[in-house]
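S.K.: Read off the chains here:
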Amino acid sequence: MQQYEEGLEPGNAARVPYKARETRNEAKPASTGSRMRWAVFSRVMAAIIGAYVLTLLSIAVLALVLPLSRAESVLLSMLLSFLIYACAVLWVFATRSAWRAWSGMLLPSLLMAAGLGVWWSLK
Amino acid sequence: MKDAFRASMAWVHTWAGLLVCWVLLLIFAAGTASYYRNEITLWMQPELHAIAPSHDSQAHMAERAVIALQQRSPDAKQWFIGFPSERSQGLQIFWEDKLPPGAEPTRERFHDVMLNPDTGLPLEVRETKGGNFFYRLHFDLHYLPVTLARWIVGFCAMFMLVALITGVIIHRRIFKDMFTFRPGKGQRSWLDAHNITGVLALPYHLMITYTGLMLLMYLYMPTPIVVAYHGNNQAFFGELFREEPAPEPSGRPARLTPIAGLVTEAQRIWQGAAGEASVDHMHINNPNDAAASVSLDKSGGAGLIESGMSLTFDGVSGKLLHEVDAEQRAVVQTATAMRSLHEANFAQPLLRALFFISGLGGCLMIASGAVLWTVKKRQAQAKRLASGLQPTWGLRLVEALNLGAIAGLPIAFATFFWANRILPVGLAARDEWEIHSVFIAWAAVLLLAQWRPGRHMWQLMLWLGGLMWLALPVLNAMLTPQSALFATLQHGPVAVAGFDVTAMLLGAAICFAAWRTGKVPGPKLSAQLKHRRELAETEVA
Numbered sequence: 326m327q328q329y330e331e332g333l334e335p336g337n338a339a340r341v342p343y344k345a346r347e348t349r350n351e352a353k354p355a356s357t358g359s360r361m362r363w364a365v366f367s368r369v370m371a372a373i374i375g376a377y378v379l380t381l382l383s384i385a386v387l388a389l390v391l392p393l394s395r396a397e398s399v400l401l402s403m404l405l406s407f408l409i410y411a412c413a414v415l416w417v418f419a420t421r422s423a424w425r426a427w428s429g430m431l432l433p434s435l436l437m438a439a440g441l442g443v444w445w446s447l448k
Numbered sequence: 003m004k005d006a007f008r009a010s011m012a013w014v015h016t017w018a019g020l021l022v023c024w025v026l027l028l029i030f031a032a033g034t035a036s037y038y039r040n041e042i043t044l045w046m047q048p049e050l051h052a053i054a055p056s057h058d059s060q061a062h063m064a065e066r067a068v069i070a071l072q073q074r075s076p077d078a079k080q081w082f083i084g085f086p087s088e089r090s091q092g093l094q095i096f097w098e099d100k101l102p103p104g105a106e107p108t109r110e111r112f113h114d115v116m117l118n119p120d121t122g123l124p125l126e127v128r129e130t131k132g133g134n135f136f137y138r139l140h141f142d143l144h145y146l147p148v149t150l151a152r153w154i155v156g157f158c159a160m161f162m163l164v165a166l167i168t169g170v171i172i173h174r175r176i177f178k179d180m181f182t183f184r185p186g187k188g189q190r191s192w193l194d195a196h197n198i199t200g201v202l203a204l205p206y207h208l209m210i211t212y213t214g215l216m217l218l219m220y221l222y223m224p225t226p227i228v229v230a231y232h233g234n235n236q237a238f239f240g241e242l243f244r245e246e247p248a249p250e251p252s253g254r255p256a257r258l259t260p261i262a263g264l265v266t267e268a269q270r271i272w273q274g275a276a277g278e279a280s281v282d283h284m285h286i287n288n289p290n291d292a293a294a295s296v297s298l299d300k301s302g303g304a305g306l307i308e309s310g311m312s313l314t315f316d317g318v319s320g321k322l323l324h325e326v327d328a329e330q331r332a333v334v335q336t337a338t339a340m341r342s343l344h345e346a347n348f349a350q351p352l353l354r355a356l357f358f359i360s361g362l363g364g365c366l367m368i369a370s371g372a373v374l375w376t377v378k379k380r381q382a383q384a385k386r387l388a389s390g391l392q393p394t395w396g397l398r399l400v401e402a403l404n405l406g407a408i409a410g411l412p413i414a415f416a417t418f419f420w421a422n423r424i425l426p427v428g429l430a431a432r433d434e435w436e437i438h439s440v441f442i443a444w445a446a447v448l449l450l451a452q453w454r455p456g457r458h459m460w461q462l463m464l465w466l467g468g469l470m471w472l473a474l475p476v477l478n479a480m481l482t483p484q485s486a487l488f489a490t491l492q493h494g495p496v497a498v499a500g501f502d503v504t505a506m507l508l509g510a511a512i513c514f515a516a517w518r519t520g521k522v523p524g525p526k527l528s529a530q531l532k533h534r535r536e537l538a539e540t541e542v543a
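Top to bottom, those sequences are chains A and B. In this text, residue positions in the first sequence follow this note's numbering: the first is 326, and each later residue adds one. In this text, residue positions in the second sequence follow this note's numbering: the first is 3, and each later residue adds one.
If you are wondering where the hints come from, they were derived from the structure by calculation, not from laboratory data. Among the hints, a few may not be true.
Partial list, derived from the structure: chain A residues whose beta carbon lies under 7 Å from chain B [what the hints assert, rightly or not]: (1) ALA385; (2) ILE409; (3) SER422.
Taking lysine to any residue pairs in the SDA-like style, the calculated list, with each CA pair at most 20 Å apart, reads [claimed, not checked]: (4) A/LYS448 x B/LYS79; (5) A/LYS448 x B/LYS378; (6) B/LYS79 x B/ASP99; (7) A/LYS448 x B/HIS232; (8) B/LYS79 x B/HIS113; (9) B/LYS385 x B/ARG398; (10) B/LYS321 x B/ALA349; (11) B/LYS378 x B/ARG398; (12) B/LYS378 x B/LYS321; (13) B/LYS79 x B/GLY233; (14) B/LYS131 x B/ALA195; (15) A/LYS448 x B/VAL228; (16) A/LYS448 x B/LYS385; (17) B/LYS131 x B/HIS113; (18) B/LYS379 x B/ALA195.
Quick caveat: nothing in here was measured; it's all calculated off a predicted structure. Every residue, glycine too, gets a C-beta built ideally from N, C-alpha and C.
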């Protein structure tokens, strides 16, 4: 990866404003351009789907652990859901690479899914 | 590091905004109109304008409504009575037929009649969806299955939320931008316009987007109910709103308790509570059955967190079964406050007008953002365009969609009101045709825009839309003279006069936009003119 200059590594694509990227596309071989396009696409998917899954799981956990009555915990976790979603989306685009974006969404999701699975089987 | 973060946020802002801006504009415009949905409905039912507000007691009105319901549907599943209010003068009755076992629920089982509150006789009103069309449109869209439409709306609203937050992040001088407008300077002016409309009403935009998502969160974010209630939404709502499930009909006929007594009883209980001690509406479940029950509801008053109160009586003995007080739980109060903020039910006329203006500001923010994208793109392609080449297909597409969506919107909405006055009263499915005409008009503008997406078409469509709005009070005065502006200004209803005045103001604003579109010859030329003027000034000096 070190032979790429800063900003041309696939994961960094979204950090470069689109105008700058377009001009670079013209100068570089097509494969670099398509790699970046994939990196952007991957990040968009991580934001739309990955962050959504993360949100769904975190509010499920939240609904179970909040120290309020059952109805209130459920309501509060749903009220917070869009804030969680929005923050996750921003993080996906702000982080260094698409790989990091995906792992940041999926690792906590897996942990929470496992936790929910254990809770479900114990019940 | 910081610049890279800003750059990626700018990228997200641009694309999240652009992809959904046309649907968002529709949602915002229809939602803004919904603030006056009762007033719009009233304007669209000129037959009601001559009726003076009733001063009779609610107990008497309830009796009349029950007689009307007994005549029409004695064995309905439930009856509903809506009392006249400041914003709606008729006495509304509504009933739901029993569903035969195994039958698919359809919309046909609901019936709706407007009564004269003083006589209990049905009001002969032209068929129209009125302001409810805009209300439904802003989250159910139209011609689409409801659930699909709500997912589309939620998707767009989430994009809006992200676009708003990233918009704040990429701003360096948020306070200064509130007071910065440099007109006639091409891209700069569009950016300023986008910033002013966005920043001035920023709290409103954030609030309306977040609370809008919240109203449909049961659909979008179902997992908490899945884990805590095994996906049983009814169980959750029952616990949340402390409601008892309505009993099943027993099948044994029984005489309904006198309704007037229950209304007076409810008014007595609510005396001293916030707001007036009046009932807003009532439900009668399983009328004329031994398992009948009567619920009287009072919606929240003028406060944000005042949730509704409700009393449920046995429908045969008239005994009080169940009482729901004002809400005390903090989380539920929060949710109630968010809902009231979105629906503005609590808002007094001035505040409601401010909400309406903020909503219009939101429409302008979306529209100017969409135009800004094309202006920037055109500048990026300046060399290409100067050499005689066509703009890229993406730019052309966005320019045409902008024209169709932005300039088409006032035309489409005005068509709704024109159709309301012009379509014959006896026409079958008249209310549907009012709505079809909206989309026919809009489709026509979208096609014209695809054909010639240029400054001339912008100008033409804006003039057309502006004149259609300006002429609405004239049309109203010609076809329904008793509702003409000079009549309603003197004798009311105030809402109808207000509609006409608002239509003229909107029309004038759109005509001004059309005139400006014709006047400004483009950023380059105006810069040249300015340069020349400056030269002339220095020469004089």
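S.K.: Just to be careful: measuring from the Cβ of A/SER422 to every Cβ in chain B, is the smallest value less than 7 Å?
M.R.: 12 Å, violated
S.K.: Given the hint that B/LYS131 pairs with B/HIS113, does the C-alpha gap stay at or below 20 Å?
M.R.: 13 Å, holds
S.K.: Is the hinted pair B/LYS385 and B/ARG398 satisfied, with a Cα-Cα distance of at most 20 Å?
M.R.: 16 Å, holds
S.K.: Hey, A/LYS448 versus B/VAL228, does the alpha-carbon distance stay inside 20 Å?
M.R.: 14 Å, holds
S.K.: Decide if the proposed pair is consistent with the structure: A/LYS448 and B/HIS232, CA atoms, cutoff 20 Å inclusive.
M.R.: 12 Å, holds
S.K.: Is the hinted pair A/LYS448 and B/LYS385 satisfied, with a Cα-Cα distance of at most 20 Å?
M.R.: 68 Å, violated
S.K.: Holds or violated: B/LYS79 with B/GLY233, Cα cutoff 20 Å?
M.R.: Given that 20 Å is the threshold and the Cα spacing comes to 26 Å, the pair is violated.
S.K.: Regarding the pair B/LYS321 and B/ALA349, is the alpha-carbon distance no greater than 20 Å?
M.R.: 35 Å, violated
S.K.: Measuring from the C-beta of A/ALA385 to each C-beta in chain B, is the shortest one below 7 Å?
M.R.: 4 Å, holds
S.K.: Sort out whether B/ALA195 lies within 20 Å of B/LYS131, counting only the CA atoms.
M.R.: 35 Å, violated
S.K.: For the pair we were handed, A/LYS448 and B/LYS79, check the Cα-Cα distance against 20 Å.
M.R.: Roughly 39 Å separates the two Cα atoms, so the pair is violated.
S.K.: Decide if the proposed pair is consistent with the structure: B/LYS378 and B/ARG398, CA atoms, cutoff 20 Å inclusive.
M.R.: 13 Å, holds
Checked against the numbered hints listed earlier, the structure breaks hints 2, 3, 4, 5, 10, 12, 13, 14, 16; every other hint is satisfied.
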